[in-house]
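Number of protein chains: 2
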Amino acid sequence: MKIIHTINELRQCVQQKRKQNVRIGLVPTMGALHAGHGSLIKAAVKECDYVIVTIFVNPTQFGPGEDFEKYPRTLQSDAAFCQQLGADIIFAPSAEEMYPVEQLTWVNVEKLTSGLCGVSRPGHFRGVTTVCTKLFNIARADIAYFGQKDAQQAIVIQRMVRDLNMTLEICVCPIIREEDGLAMSSRNKYLSPDERKRAICLHEALSYCRTQITGGQTRTELLIEGMKQIPLSNQGEIDYVSIVDPQTLDPLEKIETQALVLLAVYIGKTRLIDNLLIDLNTL
Amino acid sequence: MKIIHTINELRQCVQQKRKQNVRIGLVPTMGALHAGHGSLIKAAVKECDYVIVTIFVNPTQFGPGEDFEKYPRTLQSDAAFCQQLGADIIFAPSAEEMYPVEQLTWVNVEKLTSGLCGVSRPGHFRGVTTVCTKLFNIARADIAYFGQKDAQQAIVIQRMVRDLNMTLEICVCPIIREEDGLAMSSRNKYLSPDERKRAICLHEALSYCRTQITGGQTRTELLIEGMKQIPLSNQGEIDYVSIVDPQTLDPLEKIETQALVLLAVYIGKTRLIDNLLIDLNTL
Chain B
1 MKIIHTINEL
11 RQCVQQKRKQ
21 NVRIGLVPTM
31 GALHAGHGSL
41 IKAAVKECDY
51 VIVTIFVNPT
61 QFGPGEDFEK
71 YPRTLQSDAA
81 FCQQLGADII
91 FAPSAEEMYP
101 VEQLTWVNVE
111 KLTSGLCGVS
121 RPGHFRGVTT
131 VCTKLFNIAR
141 ADIAYFGQKD
151 AQQAIVIQRM
161 VRDLNMTLEI
171 CVCPIIREED
181 GLAMSSRNKY
191 LSPDERKRAI
201 CLHEALSYCR
211 TQITGGQTRT
221 ELLIEGMKQI
231 PLSNQGEIDY
241 VSIVDPQTLD
251 PLEKIETQAL
261 VLLAVYIGKT
271 RLIDNLLIDL
281 NTL
Chain V
1 MKIIHTINEL
11 RQCVQQKRKQ
21 NVRIGLVPTM
31 GALHAGHGSL
41 IKAAVKECDY
51 VIVTIFVNPT
61 QFGPGEDFEK
71 YPRTLQSDAA
81 FCQQLGADII
91 FAPSAEEMYP
101 VEQLTWVNVE
111 KLTSGLCGVS
121 RPGHFRGVTT
131 VCTKLFNIAR
141 ADIAYFGQKD
151 AQQAIVIQRM
161 VRDLNMTLEI
171 CVCPIIREED
181 GLAMSSRNKY
191 LSPDERKRAI
201 CLHEALSYCR
211 TQITGGQTRT
221 ELLIEGMKQI
231 PLSNQGEIDY
241 VSIVDPQTLD
251 PLEKIETQAL
261 VLLAVYIGKT
271 RLIDNLLIDL
281 NTL
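If you read the protein sequences in the order shown, they are chains B and V. For the first sequence, the working numbering assigns the number 1 to the initial residue and increments by one for each residue that follows. For the second sequence, the working numbering assigns the number 1 to the initial residue and increments by one for each residue that follows.
Here chain B stands alone, though its shape is the one from the complex (with noise of 0.2 Å):
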């Protein structure tokens, strides 16, 4: 497995691996690896013939005030947890590697990105559409593998990828969690021993609502004020809970079929977000 650092060498990988024909993922991720990005790459080395995992902790998706300093940078571990599970290559830029000069040019997806994770983290979802459509350009992969646990994210790339005629697909895997429930998250470090015992009510309140649901409750109104009266109650401020259209983001005031049921908890200074998909046809 190779480690790179310049746009320019990883252009050369590609274009050498083009010219024979493979199929090449990419897994784009901001390092401080866990079993989640694992299953990423997992199903990469699965399908692809040639995988890329890219670690570039992007300046662009955070806002002021936000932990890009103190995002852990574990770029050692994360190569031999890369190579471990058969990946070929890692391309790890710096920001001057990946922003030379001022960048000029956003991609914006309007609509599904007001919302939810959007409000209180404004400019987020431009920098990760732009970044990406920087990574897609230069990996020029054949598929690229993004987390559910990130719902809105995966939604949003998506739809960019179909709004300009990207050729590459995009494959989002199932959220993958501690034994007791809590969704991996690179932030979940950040976590005292007594905010990693509360952090569970995330996992908890999803669980509630999915009982709710089997129980025959549709009204969404009374399923988030379920949520946050009795699993995440004292536990974390709560940024939102929301019960959406998995298509549009646009809330729902009865789940007909398909929703997506999400939240973001402040568990100390931490914001941890979780969601869960339902299809009442297959509960």
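Just so you know, these hints were derived from the structure itself, not from any lab. All values reported here derive from a predicted model rather than from experimental measurement. There's no promise every hint is true.
[As the list claims (entries may be wrong)] Within a straight-line C-alpha distance of at most 20 Å, the following computed SDA-like cross-link-like pairs (lysine to any residue) qualify:
#1 V:19 with B:256
#2 B:17 with V:168
#3 B:19 with V:12
#4 V:17 with B:15
#5 V:17 with B:197
#6 B:19 with V:21
[Said to hold, decoys possible] One-sided and incomplete, this derived list gives chain V residues near chain B with beta-carbon spacing under 7 Å:
#7 103
#8 160
#9 166
Note that the Cβ used here is the ideal one computed from N, Cα and C, for glycine as well.
Starting from the structure of chain B, add chain V where the hints point.
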């Protein structure tokens, strides 16, 4: 030469050619082709193995009250012209083919699009950069050809390609003019015989400016005033006359080495643009 109307058909043609390792050239146009487009197609035919001309009157780059509806559509004669010049494919999609659902994703180049034509045509460049991104992703060409006549557009596209790490090269070809100096434009068709005569004031203003600079005048305020008072006076309604840095498009007070002189003038209801690249070292 083939005329293709669907994205899938074009993708198939391109994929086949890509396997043969040929150099693919793209000439994006809105049709109503004239000798200016002809020079782009000729350059592409000379430098590439496979030349795609796109003909698409892109609705998203027209503002309300602009000439989208009446923009000339002359596919049959355009096709004959392209064939004669040696193009391999015309891609002429419908608006529904290019925008099958509401376009939520937009590519925007900041700063470079805020002045000049961006002032009187808000949203225009966003439409251009977005449709070019779509066409670039569909055609996957090695090189795309644009005309220097749309100088701001050429600079914006070049910056977009750089900022988003697109893999294609951009070639900007010189302005082609009528015998009396009027820059070729599909919108020249709108001019009445009297307007056609007055339309040469744009070229005359640029010639006047060049003469003044050759004579030693480098203060842009005086150059602009001169153009407004002498050749442009009473010929049409001036939208803007600007002298800017050719990289940043920032207005210059004094010409040091390079400068871009740009103007936009309404001749009757028809808005015409023209420009002149100045380099004191080679004047």
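Hints versus structure:
Distance restraint check for residue 19 of chain V and residue 256 of chain B: the Cα-Cα separation of roughly 47 Å exceeds the 20 Å cut-off, and the hinted pair is therefore not satisfied. For the hint pairing residue 17 of chain B with residue 168 of chain V, the CA-to-CA distance comes to about 19 Å; that is within 20 Å, so the pair holds. Between the alpha carbons of residue 19 of chain B and residue 12 of chain V the distance comes to roughly 18 Å, so the proposed pair stays at or under 20 Å and holds. At most 20 Å may separate the alpha-carbon atoms for a hinted pair to count; residue 17 of chain V and residue 15 of chain B meet this at roughly 16 Å.
For the hint pairing residue 17 of chain V with residue 197 of chain B, the CA-to-CA distance comes to about 58 Å; that exceeds 20 Å, so the pair is violated. Between residue 19 of chain B and residue 21 of chain V, the direct Cα distance comes to roughly 9 Å. Compliance with the 20 Å bound is thereby established for this hinted pair. With a least beta-carbon distance of about 6 Å to chain B, the hint placing residue 103 of chain V at the interface is held under the 7 Å criterion. At about 5 Å, the closest approach between the beta carbon of residue 160 of chain V and any beta carbon in chain B falls short of 7 Å, and the interface hint on this residue holds.
Hint status for residue 166 of chain V: holds, given a least beta-carbon distance of 5 Å to chain B, under 7 Å.
The structure fails hints 1, 5 (numbered hints given earlier, in ascending order).
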